[in-house]
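Asks: Chains as they are written, first to last, in the working numbering: chain A, 1 to 438; chain B, 1001 to 1179.
Since the hints were made in silico from the structure, they are not lab data. A few of these clues could be false.
As the list claims (entries may be wrong) - One-sided and incomplete, this derived list gives chain A residues near chain B with beta-carbon spacing under 8 Å:
1. 31
2. 55
3. 138
4. 144
5. 145
6. 148
7. 151
8. 155
9. 165
10. 171
11. 174
12. 178
13. 198
All residues carry an ideal CB built from backbone N, CA and C; glycine is no exception.
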Amino acid sequence: MADFVQHLHPAWQALIRVICFVLPSFLLVPMVIWWERRLLAWMQDRIGPNRVGNITFSRSSHLIPSILKGKKFRLFGLMQPMADFAKLIFKEDITPTAVDRLIYFIAPALALFPALAIGATVPWGPFPWITPVADVNIGILYIMAVSSFGVYGIVLAGYASDNKFSLMGGLRSSAQLISYELAMGMSLACIVMSTGSLKPSAMVTAQSAPLWGLDYPPFNLIQNWNVLTPYGLVAAIIFGICMIAENNRPPFDLPEAENELVAGYHTEYSSVKFATFFMAEYLGMVVYGIILSTVFLGGWHLLPIRFDWMATNYKNAGDIWNLLDTLNGSSLLAPVWVILKTCCVASTYIWIRGTLPRLRYDQLMSLGWKSLLPFATANLVVVAIWIVASKVASPLIGWVAVLISAFILFGLYKAINRLNTKNRPNLASRTITMVDTP
Amino acid sequence: MNQTIGGVPITPELMLFGVIGGAAALCAVGVVAFNNAVRSALCLVVNFFLLAVLYFTLNAEMLGITQVVVYTGAIMVLFLFVVMLLNLGGSKMLHEKPDPKKFVGILLGCALFVILGAQILPQLMQVKPMELTPELAKYGGPQAVGRTLFTEYAYPFEAVSVLLLIGIVGSILLAKRRI
Chain A
1 MADFVQHLHP
11 AWQALIRVIC
21 FVLPSFLLVP
31 MVIWWERRLL
41 AWMQDRIGPN
51 RVGNITFSRS
61 SHLIPSILKG
71 KKFRLFGLMQ
81 PMADFAKLIF
91 KEDITPTAVD
101 RLIYFIAPAL
111 ALFPALAIGA
121 TVPWGPFPWI
131 TPVADVNIGI
141 LYIMAVSSFG
151 VYGIVLAGYA
161 SDNKFSLMGG
171 LRSSAQLISY
181 ELAMGMSLAC
191 IVMSTGSLKP
201 SAMVTAQSAP
211 LWGLDYPPFN
221 LIQNWNVLTP
231 YGLVAAIIFG
241 ICMIAENNRP
251 PFDLPEAENE
261 LVAGYHTEYS
271 SVKFATFFMA
281 EYLGMVVYGI
291 ILSTVFLGGW
301 HLLPIRFDWM
311 ATNYKNAGDI
321 WNLLDTLNGS
331 SLLAPVWVIL
341 KTCCVASTYI
351 WIRGTLPRLR
361 YDQLMSLGWK
371 SLLPFATANL
381 VVVAIWIVAS
391 KVASPLIGWV
401 AVLISAFILF
411 GLYKAINRLN
421 TKNRPNLASR
431 TITMVDTP
Chain B
1001 MNQTIGGVPI
1011 TPELMLFGVI
1021 GGAAALCAVG
1031 VVAFNNAVRS
1041 ALCLVVNFFL
1051 LAVLYFTLNA
1061 EMLGITQVVV
1071 YTGAIMVLFL
1081 FVVMLLNLGG
1091 SKMLHEKPDP
1101 KKFVGILLGC
1111 ALFVILGAQI
1121 LPQLMQVKPM
1131 ELTPELAKYG
1141 GPQAVGRTLF
1151 TEYAYPFEAV
1161 SVLLLIGIVG
1171 SILLAKRRI
């Protein structure tokens, strides 16, 4: 297989690579839509869509073979996205007369473009002959660059609709995306610095090293997943929040806040054009999930355990450890593990949606600028100190330096915050006291 | 593949350059030709993007991606933001009356074009295609750019960063009435 692909013309190879990334992520979209509706329904004590696709054969008809009579086949509503899509296609496609036609038509396509293109540098398995689409030296920067395109589809949809609500949605989204991009870049820069490479595939390789750079048991039993390191955990949380904001998902869905802006930027869109926006949002959810699991969650490894170290050190059971090592990270199951992690990230998205109410606009801005950006920047400083200390001295001394510097930076942040908010009314957080009337 | 234009053989790279460069030039014309400010801004976005693609074809991937991140991703979004907020109400407001100054302007513009072309074109005629060696292929990558930036150009780099910091502080000072 690998040989066959490698001997094809480069253009064919490129096509195969693109299809191998885009097709599975597209196939995940209806699944994620169904899963979101079912999971939200479960969280809210409802039933959710559970009927479409169920077949109950008649008990009395002569046309049904006797084995199938009265049998029920359940599909748990898995065909619901298909039914939804058929509905959206056959709906009337209304184009308001006052719209800016050209921009109105290209806006949904522009919204879908970044969701499709952003994963081009993210690998989904240890197969360099087929993944990622382009293993370029600027992988993470490419992700940042393409994710910044996400704003155009929404802003232009808002502008072209010639509708005040849509315009407000577009403006909100541009301010939101610009604000959260900074913290996102900072959190990714931490991982770039600790890995020493901009390639996502190099990041996955770096994450299979012993934990915290300490090469003795119990640490060298465990892989150095970025989410298991202190700075990586902070960066992962910041990246996760920014990812939800970039994707306009609840609780950051201010551009389409239905209680204020009707439906925000897609108020004037119907039928397939609305479906394109919808698909862009869910595809973005899937692809950002793949990025998060590659950069922070160990990529294509299932468990953060170094079976290869076990195989070399416990030779009497070496075969079992080797088999587990193959299953864990280098077999054909690797893409399945990536998709599994992506599904976990998508479930977290849905969980957050089911838990948190939508942020107010000033809360959104103060979270982005006053909390996430300072934390991400401080994290960057901590990573730099760790790199220097562990290169000059030893990894253990590096971690002591990290602890001390983290405490100092946190104290500094608190002190500055106190100086800033002294003698000022706190407008960012207001509380409502519920009065229990007898 | 043996055809030539003015002594330069037609290669796939040249054809790609022609397509992208031509599209970029068309977009640049569109920036000034459109009556609608949002469309002009959009043309500029596409122009910047195609310019980044041109950098990619020249192996300057770091420069290209920086172009996309900074110009297409950040600065043009702000441009669009401002244009949309001002809401320049259609093409009527931007319609110009016939003006003798226009004729003089075109004449002066052509003169400038001729003077610049007379200086640049003779130099460009002497340019010869260069062999692409492995060292040359890497010169636009992040490693090479970072190394030169932090060794050879460390002082200008720091100076620029201080300048940017002053810019940020100044803009905050202008935007906030009460600090």
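Asks: Against each hint, give a clear statement of whether it holds in the structure.
Replies: We went through each hint and held it up to the structure:
Interface restraint check: residue 31 of chain A against chain B, minimum CB-CB distance 31 Å, threshold 8 Å, status violated. Interface hint status for residue 55 of chain A: violated, as the beta-carbon distance to the closest one in chain B is roughly 49 Å, over 8 Å. The criterion of a C-beta within 8 Å of any C-beta in chain B is met by residue 138 of chain A, whose closest approach is roughly 5 Å, and the hint holds. Interface hint status for residue 144 of chain A: upheld, as the beta-carbon distance to the closest one in chain B is roughly 6 Å, under 8 Å.
The interface hint given for residue 145 of chain A is met, as the beta carbon of that residue sits about 4 Å from the closest beta carbon of chain B, less than 8 Å. Nearest Cβ of chain B to the Cβ of residue 148 of chain A: about 3 Å, under the 8 Å cut. The hint holds. The criterion of a C-beta within 8 Å of any C-beta in chain B is met by residue 151 of chain A, whose closest approach is roughly 5 Å, and the hint holds. With a cut of 8 Å, the hint placing residue 155 of chain A at the interface with chain B holds, because the nearest CB-to-CB distance is about 6 Å.
Against a cut-off of 8 Å between C-beta atoms, the interface hint on residue 165 of chain A is violated, since the closest Cβ of chain B lies about 14 Å away. The criterion of a C-beta within 8 Å of any C-beta in chain B is met by residue 171 of chain A, whose closest approach is roughly 7 Å, and the hint holds. Hint status for residue 174 of chain A relative to chain B: holds, with the closest Cβ pair at about 5 Å, below 8 Å. Interface restraint check: residue 178 of chain A against chain B, minimum CB-CB distance 6 Å, threshold 8 Å, status holds.
About 6 Å separates the beta-carbon of residue 198 of chain A from the nearest beta-carbon of chain B, less than 8 Å, and the hint is met.
Hints 1, 2 and 9 from the earlier list are contradicted by this structure; the remaining hints agree with it.
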